[in-house]
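Colleague: Here are the chains, one letter per residue:
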Amino acid sequence: MLKEREERHLVYDYLRPKKKFPNVWCAGCGIGIVMGAIIRAVDGLGLAKDDVAMISGIGCSGRMPVYLDFNTMHTTHGRALAFATGLKMVRPDMKVLVVMGDGDALAIGGNHFIHAARRNIGVTAIVINNSTYGMTGGQYSPTTPIGALATTALYGNVEQPFPIGELAAAAGAAYVARSTVYHVTELERYIADGIQKKGFALIEAVSYCHTTFGRLNKLGGAVDMMRALKDNSITLAAAEKLEPNERAGRIVRGVLVNRDIPEYTDLYRQVIERAQSAQTATEAEGAKSRTPRSL
Amino acid sequence: MSASVKLPAGPTMMQGNEACALGALAAGCRFYAGYPITPSTSIAEMLARELPKVGGSFIQMEDEIASLAAVLGASVGGVKAMTATSGPGFSLMQEHIGYAAMAEIPCVIIDVQRLGPSTGQPTSPSQGDVMQARWGTHGDHPIIVLYPTGVRECFDLTVRAFNFAEKYRTPVILLTDEVIGQMREKVTLPALDSIEVVDRQRPHEPPEWYFPYAETPSDVPPMAPFGEGFRYHITGLLHDRAGFPTQRLDEINPWVERIFRKIERNLDDIILTEGELLEDARTLVVAYGCTARSAQEAVRMGRRHTVGLLMLKTIWPFPEEQVLAAARNARRVVVPEMNMGQLALEVERVVGRNKVVRVNRADGEMITPDQILRAIEARD
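Chains B and A are the protein sequences, given in the same order. Oh and the first sequence: position 83 is 83 in the numbering used here, straight run, nothing missing. Oh and the second sequence: position 44 is 44 in the numbering used here, straight run, nothing missing.
Possibly wrong hints are sitting among the right ones.
Have a look at the derived ranges for each label pair, beta carbon to beta carbon [claimed, not checked]:
(1) B:ASP13 x A:GLU228: 53 to 63 Å
(2) B:ILE146 x A:ASP199: 52 to 62 Å
(3) A:GLU274 x B:LEU45: 51 to 61 Å
(4) A:GLU365 x B:ASP93: 45 to 55 Å
(5) A:ARG202 x B:GLU159: 14 to 24 Å
(6) B:GLY46 x A:ASP199: 41 to 51 Å
(7) A:ALA325 x B:ASP93: 49 to 59 Å
Hints are computed from structural coordinates only; laboratory data are not their basis. In this text, a Cβ means the ideal position worked out from N, Cα and C, and glycines have one as well.
When you get a sec, could you build the whole thing from the sequences and use the hints?
Modeller: Okay, here's the thing in structure tokens:
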């Protein structure tokens, strides 16, 4: 009973209930589960809503910020991390969460994705990976498995999928973790750890799209696809004991990277300090001699 | 905590790009995101050096798309922000110019034009982006585009660009060109405390009463920065007064009308032109940017022909009333441009097609006073 009341409070505290509900997502979609995990992570950390910004791009995941009572921004396709970079630089004390889909983050936004990770700017990127473009109706994405069907790959996808977490790790992210919408408490924990991490944090939330991808590939409904996430995923520790061919096709859950490296806005604060102390030194020098640029 | 902006005192030699950077600092710009591209790069270099001195931030992004996105993110954070680029980069920025117009986010974009299309000729001037500045992003929207004729105006109009952006919550584009941007002239900048600087209006009401896209008497709703207690939604979708997506016609139409009205009702403030010898001008030259400098000389050389000059500093919204008034007694209107005829289309629309004589050049060389003089002197 008490538990139920707490859940009710969370809903009223973090959603914008009078605004745009019911949401746009299909019944059974995993995005709502990720949204719930984000809410519980933020609540668990005791963050003030005023200090949290959520920025998204375009696609099903892009619609999440409209429902949440943070400082929210629904930007252009693929560019959410670039918007977030500007905001974080002028508001380094804010917690900036970026929610993207796999097409949004890895195809049109792939360049921004690797560069945000490379800079190690302190934003928390949550990529909801459903292996397809859901909102436009099931086209193949950068994470669609080889051989899978899509409305633009009716004879089977022939493109290699991107490993999102490994890409972020190689690009320089401070924190990289992967879980699924079935393992929701684990997902919540990773999101909370990512938010607390100083530096670029990437949490890949493996989800599914039963409406387009599932139907085309005859994978069943939402419950079947959810069960597949449970059956088909293994922990990082378990995966390390397997041969590469035994790992193929499995979702490996766990913290891939957790390292302490300098965060971008911290480094830029030092740039400001260096520029200002150099300025002071120049002025002391300039007091002795005439400024050469003046005529 | 942060040092204040320092402007050179007394006559100083400087380039147009430097004057733009100093104008931005004087206007209160404290964030720049950009990507290197000739001939605009020296704006970025100067601001990379100067912004941290005054507590601002500079970032070199991975491309021009990201640059304008970062600028908009910073502006939403409550900081005046800008980027600078040239032709190819300006093309990449178009989508976010539309986002800024839709979400009413103040920002300044400087396009130091070079010869195009495509990679074109990076070190040659052009005025080829005049129409792109107006119509480059998809969908209908108002825009303010300013165009200086020299180094001092680079400074003044950059300040004005920020003021307009803040005052009207709109993207403002400053078009210059390779000549204006790279040319060195002797200028004397105004004293910092004599410069009018406008800051965006912030909400006075409590957060629970705040609507970021409210109908207000000025048609420009106050803008709350993220992180100060006003939790609201910003989107590139058509939205209601709270910023939430809408498909309701009774919410979409007032918004469309308002974003046009907020510019149109302020044309007296926004339109900047300068006339020379306009009294009884039988031949009128309408020019802008570095071409206006050649036109000034041509008009002096052709004084016996009762020729006048109208220089446009605001090119969008197009100064219809000013062109019409200046052309009142003119039989011919000469429009020199370093493109194959772009703003001439607007002049033709206003004064009539048969009055307009176009002088065009799009090979990367400036139009000379002689070329304009020949058009002034040519018999019908």
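Colleague: Determine for every hint whether it applies to the structure shown.
Modeller: Going through the hints against the structure:
no.: 1; hint: B:ASP13 x A:GLU228: 53 to 63 Å; result: violated, 20 Å
no.: 2; hint: B:ILE146 x A:ASP199: 52 to 62 Å; result: holds, 55 Å
no.: 3; hint: A:GLU274 x B:LEU45: 51 to 61 Å; result: holds, 58 Å
no.: 4; hint: A:GLU365 x B:ASP93: 45 to 55 Å; result: holds, 52 Å
no.: 5; hint: A:ARG202 x B:GLU159: 14 to 24 Å; result: violated, 48 Å
no.: 6; hint: B:GLY46 x A:ASP199: 41 to 51 Å; result: violated, 34 Å
no.: 7; hint: A:ALA325 x B:ASP93: 49 to 59 Å; result: holds, 53 Å
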